[in-house]
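*Asks:* Since the structure of chain X is provided, determine the placement of chain L on it from the hints.
As given, the protein sequences belong to chains X and L, one line each in that order.
Each step along the first sequence adds one to the number in our numbering, with nothing skipped, and position 228 is 228.
Each step along the second sequence adds one to the number in our numbering, with nothing skipped, and position 24 is 431.
Some hints could be false.
Claimed, not checked - Heads up, incomplete: computed chain L residues facing chain X, CB under 7 Å, no partners named:
id : residue
1  : H412
2  : I456
3  : R467
4  : H477
What the hints assert, rightly or not - Covered stretches of chain X, going by a simulated chain L footprint (3 or more residues, C-beta under 8 Å):
id : region
5  : 32–43
6  : 293–301
7  : 379–386
8  : 395–407
Think of the hints as simulated: they come from the structure by calculation, not from any bench.
The structure presented is a predicted model; accordingly, all values stated were derived computationally and were not measured.
No residue lacks a Cβ here, since even glycine has one placed at the ideal position from N, Cα and C.
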Amino acid sequence: MSAGLNNLRHIVVLMMENRSFDHMLGSLRAVNPQIDGINDQLSNPDATGAIVKPQPLADYQGQLDTDPDTHFAAVDLQIFGGNTDPNRLANMQGFVKSYFNQNGDLRHSQQIMYYFKSHDLPVLATLALEFAVFNRWFASIPGPTSCNHAFAHYGTSFGRVDMNPRYFNQSVKSIFERLTTANPRHTAKLYYYDTMSSAVDIAILVRNQPELFGTHEEFLEDCRTSNLPDYSFVAPNYCDHDGKRGWEVANDQHPDHNVQAGEIFIASVYNAIKNSPLWLNTALLIVYDEHGGFYDHVVPPACVPDQFTASPTDTGTRMPFAFDRLGVRVPAILISPWIPKGTVVNRVFDHASIPATVSKLFLADYAPVSPRETSADVFIEPSVPHDPSRNLLSLDVMRTDCPDFDV
Amino acid sequence: MTLIHVPRPPQSALNPDRPINALLKAQIEHFHEAEKGLQHQTGICVSAIKTEKEAANYIRAVTEAILKPHAGAIAQRRRRGIEIAAVADEQVERRRATRRRSKKMSTAKTAGRRKN
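This is chain X alone, in the form it adopts within the complex (with noise of 0.2 Å):
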């Protein structure tokens, strides 16, 4: 086994909201053109039929307001541009006319083409290059936030595609009830921000409190303390509110959200773990839970249905829905000092992979899972620890220069 994995006991997964690949990450393929991001050829058209090229002009806060649309009908118009022919093909040339549907401003849906330079961000970027990018991490299905939740934490939706998910009494268990059910027991933790930003996954808190929830202070100390759970799942603050310390700015980079607030928090949740003496035991994985509506010039491929079928009524599409198609690409990045730097990996991934991932390393062949589930493929893979395309934690002597942040 390599010294990467022999040492690895803990994964953390932060989540964040709502933005693609390319209005994030996309800059980046200047810097390394292995990284799939935008390129001269990629483009829109408007309302008018008129062409819109993606523009490095995309602010942290500000251009956004009304939030754009990521309801299941939405995302379809944005992923095959609004042909509803049976043997459609996607295009990835539907997101400006998909916004311009919300606001009817011709010049305001240009934005959704918007992208930050690399400088804009100075820890996703910075993480993407010293780390492991994923060039085809996908959002589990082309819809909003709950039922892409849901997917990170059970491997399946249930057959949901809005935000209204019902997890109970499910026969597919979630990762944390997994893990603490298991013989030999595990230990695993969502940590919510505060109580004023408690979870999007509330049917989880209400079934679950206190044993699989904390605070985001409680993780910053079971980082100082060494006492994080075998597995972790991490919130942002969802809204702006006054909290223990005083007010408190939305760090979740939803839209219309302020974006380097995310980014300080990406930041505090990296340097918890990395000023830890867990930092050589510890995989973290920061995602975005879907696209928020933003371009992304990456076709979403086809997958392995799931059990379920969502019927034309709530798809909103007047088509039905098998789960057989992964939603708008999302960034992601996997870090740890076991990973070589500028490691990017091409190979297909949707959160379905995050409880695939650590079903597979800590409860090896744990059943039943959703048959998405057992279809994703694993970001850390145990059985082959000297394939460095399938083992990213490769290195044998772990590296000593990993950036830090001053937050």
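*Replies:* Relative to chain X, chain L alone:
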């Protein structure tokens, strides 16, 4: 090792009166659903929630109601956390003291060698 500067957002980033986005709207619905099953009701009218500040206050009220029956277990966990932190601090202090002692000794040895 490189230290990278991370700029802070401007003060204007904070706007608790910002209208709630689609995610927060959905969260409020979920919390409202959860509230129905709780013994303690908040009495807050969810349809009147329009801003992030109001959403946060409602989420806190429901979260605290969810946490209430588990107060004992949470306090125990916190105590355990504090104990672990205290032990960790103690260990760090002990390591520091050992390092200080061994540094002193090696300085004394070096000084001794120099004298010789």
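*Asks:* Give a verdict on every hint.
*Replies:* Hint check results:
1. The interface hint given for H412/L is met, as the beta carbon of that residue sits about 5 Å from the closest beta carbon of chain X, less than 7 Å.
2. Interface restraint check: I456/L against chain X, minimum CB-CB distance 11 Å, threshold 7 Å, status violated.
3. Proximity of R467/L to chain X holds as hinted, the smallest CB-CB distance being about 4 Å (cut-off 7 Å).
4. The interface hint given for H477/L holds, since its Cβ lies 5 Å from the closest Cβ of chain X, which is under the 7 Å cut-off.
5. Coverage of the region 32–43 of chain X by chain L is violated in this model, with 0 residues showing a Cβ closer than 8 Å to a Cβ of that chain against a need of three.
6. Remark: the region 293–301 of chain X is not confirmed as covered by chain L, as 0 of its residues place a Cβ nearer than 8 Å to a Cβ of that chain, below the required three.
7. Coverage of the region 379–386 of chain X by chain L is violated in this model, with 0 residues showing a Cβ closer than 8 Å to a Cβ of that chain against a need of three.
8. Counting residues of the region 395–407 of chain X whose CB lies closer than 8 Å to any CB of chain L gives 8, which reaches the minimum of 3, so the coverage claim holds.
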